[in-house]
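Please model the complete structure; the sequences and the hints are all you need to start from.
For the protein sequence lines, the chains are A and B, in the order given.
Numbering-wise, the numbering used here puts 56 at position 56 of the first sequence, and it's gapless, one number per residue.
Numbering-wise, the numbering used here puts 44 at position 44 of the second sequence, and it's gapless, one number per residue.
Bear in mind the hints are in silico, worked out from the structure with no lab data behind them.
Here the structure is a predicted model, which is why all the values come from computation and not from measurement.
Among the hints, a few may not be true.
What the hints assert, rightly or not - When the alpha-carbon atoms are kept at most 30 Å apart in a straight line, the in silico DSSO-like pairs for lysine-lysine are as follows:
id : chain 1 : residue 1 : chain 2 : residue 2
1  : B       : K90       : A       : K236
2  : B       : K90       : B       : K68
3  : A       : K218      : B       : K90
4  : A       : K191      : A       : K236
5  : A       : K236      : A       : K218
Residues per chain are reported as follows:
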Amino acid sequence: MTALAPPLALLAELTHRCPLQCPYCSNPVELERAAGELDTQAWMRVLDEAASLGVLQVHFSGGEPTARKDLEALIAHAAGRGLYTNLITAGVLIDARRMAALVAAGLDHVQLSIQDSEPANADRIGGLAGGHARKREAARIVREAGLPLTINAVVHRQNLGHLDAIIDLAVALGAGRLEVAHVQYYGWALKNRAALMPTRAQLEQATEIVMAARERLKGTLVIDYVVPDYYARRPKSCMGGWGRRFLNVNPAGKVLPCHAAQTITGLEFDSVLERPLADIWATSEAFRRFRGTDWMPEPCRSCDRREIDWGGCRCQAFALTGDAEATDPACALSPDHADLVATAERDSAGSTPDFVYRRIRAVAPAS
Amino acid sequence: MTVATRIGEASVPRLPRHVRLRFDETRGQWILLAPERVLMPDEIAIEVLQRCDGVASVAAIADALAAKYAAPRDEVGRDVVEMLQDLADKGLLVA
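Okay, here's the thing in structure tokens:
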């Protein structure tokens, strides 16, 4: 067995609070409240430990990370340790003054989400009136501050018809990079699958649009494309392999191999409040559970792609089969693949139900 | 919007503010940090990148490398242009 390589990147989910309510949010369905968030000192220690462990990039995310008043302090702390800092934001809380403070702190890059190119539809999807206009303003502020901008556009049945306009908008906003990401169906998105799933024809058209735009905009806009794996033949290399390159610290300090890992019931996650990050990376049960290839059943175990896709997505396998060890149903070699395709075809052809918006659920306080 | 960069022998390349070349002590190698990307260039690429200082032209860089490695100048020039054009297309280099 080869020595364990250090992680490349840390996703720091500072908070689950967010002014938007996107129905495909990657946060868990059980959202963390403000009172449960790590404080500034704890996050600074996490950043120190991440840098010492070999992490090179920190993605400050959420929820909406700018909802935290100590974001500047955390970025400055990360930059001071030589970490490359990226802000993943909805943008609606950013004004020029805040941006100047983030730049002064050493921020390297901003990734801004948009929900659509059409303002009314974008605001409907994000669940925030006036949100789209504020995002356009945020993009202008980012570019004026001299920072590079990536636009992240999550696409689905209810905005795919505007993909050309979304690409044009990214160019107009001065983005150097655009992520066109088909919805990945876990958590909130799984609840909304019937409202979001594109048809195969829509997917094929979207792929053609992206390929043509890449050629046309070469040197101007880099387009990263995340395909919906319900229509794929082989699964995505989720996170580049479980516990291989990436770790995620959630608002409460739990350390996860990916942002959706808590959807797998039965996995225990360690906290940065209890153990050093390096120790968690190396020995935490949740990280070891699906790391490498030893855990794999057939057909993954003997597959010549086992170190290419690393068995696909464990969260998806669990969500769709109830067994986190199962072959990802996105793989055509999975016995569940036919059901998956049938589900996608049924959902995409059916009527479009109302969204279940992402909200922090009102629960009775623990006694 | 940005304008595509064309790299030639006369270009004076440099890394933009958001792309950083640094030595990583943990891994014992040079790395190129860019928006949501970590690249681990090979030794020759690192030699080229270290010379992309906003002062030296592509021609000067190619001269230096051809001399250092006693390699054919025209071949080195073509390789350097190709490598830098690829980085420029990815938004990781300006000139």
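Evaluated hints:
no., hint, verdict
1, B:K90 - A:K236, "22 Å, holds"
2, B:K90 - B:K68, "28 Å, holds"
3, A:K218 - B:K90, "8 Å, holds"
4, A:K191 - A:K236, "21 Å, holds"
5, A:K236 - A:K218, "25 Å, holds"
Checked against the numbered hints above, the structure breaks none of them.
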